[in-house]
Amino acid sequence: MATLMEDEVFKAFSTYAAIVILKMLLMAPMTAYYRMTRGAFSNEEDVALKPAEERKKLLRTHPDVERVRRCHQNDLESVVPFVMVGLLYALTGPELSTALLHFRVFAGSRIFHTISYVGALPQPSRALSWTAGMLVTFSMAYRVLSTVLLL
Amino acid sequence: MATLMEDEVFKAFSTYAAIVILKMLLMAPMTAYYRMTRGAFSNEEDVALKPAEERKKLLRTHPDVERVRRCHQNDLESVVPFVMVGLLYALTGPELSTALLHFRVFAGSRIFHTISYVGALPQPSRALSWTAGMLVTFSMAYRVLSTVLLL
Amino acid sequence: MATLMEDEVFKAFSTYAAIVILKMLLMAPMTAYYRMTRGAFSNEEDVALKPAEERKKLLRTHPDVERVRRCHQNDLESVVPFVMVGLLYALTGPELSTALLHFRVFAGSRIFHTISYVGALPQPSRALSWTAGMLVTFSMAYRVLSTVLLL
Chain A
72 MATLMEDEVF KAFSTYAAIV ILKMLLMAPM TAYYRMTRGA FSNEEDVALK
122 PAEERKKLLR THPDVERVRR CHQNDLESVV PFVMVGLLYA LTGPELSTAL
172 LHFRVFAGSR IFHTISYVGA LPQPSRALSW TAGMLVTFSM AYRVLSTVLL
222 L
Chain B
72 MATLMEDEVF KAFSTYAAIV ILKMLLMAPM TAYYRMTRGA FSNEEDVALK
122 PAEERKKLLR THPDVERVRR CHQNDLESVV PFVMVGLLYA LTGPELSTAL
172 LHFRVFAGSR IFHTISYVGA LPQPSRALSW TAGMLVTFSM AYRVLSTVLL
222 L
Chain C
72 MATLMEDEVF KAFSTYAAIV ILKMLLMAPM TAYYRMTRGA FSNEEDVALK
122 PAEERKKLLR THPDVERVRR CHQNDLESVV PFVMVGLLYA LTGPELSTAL
172 LHFRVFAGSR IFHTISYVGA LPQPSRALSW TAGMLVTFSM AYRVLSTVLL
222 L
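Protein chains in written order, with the numbering used here: chain A, 72 to 222; chain B, 72 to 222; chain C, 72 to 222.
None of these hints come from the bench; they were simulated from the model. Some clues are possibly wrong.
Note: identical chains are not told apart, hence a pair may lie in one copy or across any two.
To be verified - Below, computed lysine to any residue pairings styled on SDA-like, alpha-carbon distance capped at 25 Å: (1) K94 x C142; (2) K121 x H133; (3) K121 x I186; (4) K128 x P193; (5) K127 x L172; (6) K82 x L199; (7) K128 x L222; (8) K82 x G164.
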């Protein structure tokens, strides 16, 4: 047990995995914030304390809320595979410097992706940051498959 | 290999991880049940056996189905990060009693969250159960980062 | 560290986990492909280079895009739990042949699920492939719980 957490690569993986997961988790309060400031809710019980005549109007979608939700969904589709593949990658014993390069590029790409998405920056900023993260995950998956392939 | 599964904290983590993942997986048959009882489907091939005049009407959304799907989505956003952070947390070697407290509060909070969401209980029951789960994950992430930080 | 990746079952798990995660990741470029060929986008910045009079028309949903997105979502709901439960399952030390049977059935079921879904094959092809994958995950979760149960 202790052995894993004494390994430098595994420590680096744990650090960056925790960082990108925390970033992903922050999308939930951000959605809540946009729901409240924009007045756009999904559930009747969430607007129960509002005046009766307003309630129905508040059960709607709002472009800003949908944008944050798409960004959150993209995190689920990108960050979760990174963490799962990254764990296996860290166990294949890569060089620490190579591993750190992968983890840093990924973490940076996802932070920039969130800024591009929520801030609606002009393309291709969002597309490029998404692609950088994807390439990191593919590179780690390639190393995993080429090291342990057992079909 | 055997070493990991002999560790008490790792055994406790595996138990609670399996429980909350199974709970999450049950949202899929629950969605299917609501789709069939409410008559609200997404795919043409799913209504191919119905009488031709009914088919188009069945390709619709229904509030009850959407509610279960939002609950499922919230599980993806909360349970998956818990399992990924929890694995790293278990490897940092916390006290068994502290670890069990984290895992039990999380499992309880997610079961109560599902009941609040699907049953549309008055707020803040759903908000509080969601927050309890989130705090557990943040607490575990804090321990991971303060134990292994390697940037 | 090296010990884990010398274990045959863990190698097999890593191989199949990487394969199904890569399959899931391919849904993102597939969605992008359908968005571009069908002309159905979600974000204003994604259509900024189109002629001004076309832009508004391109911000719409299209049934083919929604179908691929539902398939991607189903991958998130099925592949992610498989990888998380499968990791714990591999650590319980099952027979290699039993483990390989689980992993192969799951990988096959998800590839067939994608073909059924994106190709809109008649039911019950999609339902059966989904069920096969789910049964594999339940079987692995059962083994995890019966081996390590610590509540």
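Q.
Tell me the hint numbers this structure goes against, listed in increasing order.
A. 5, 6, 7
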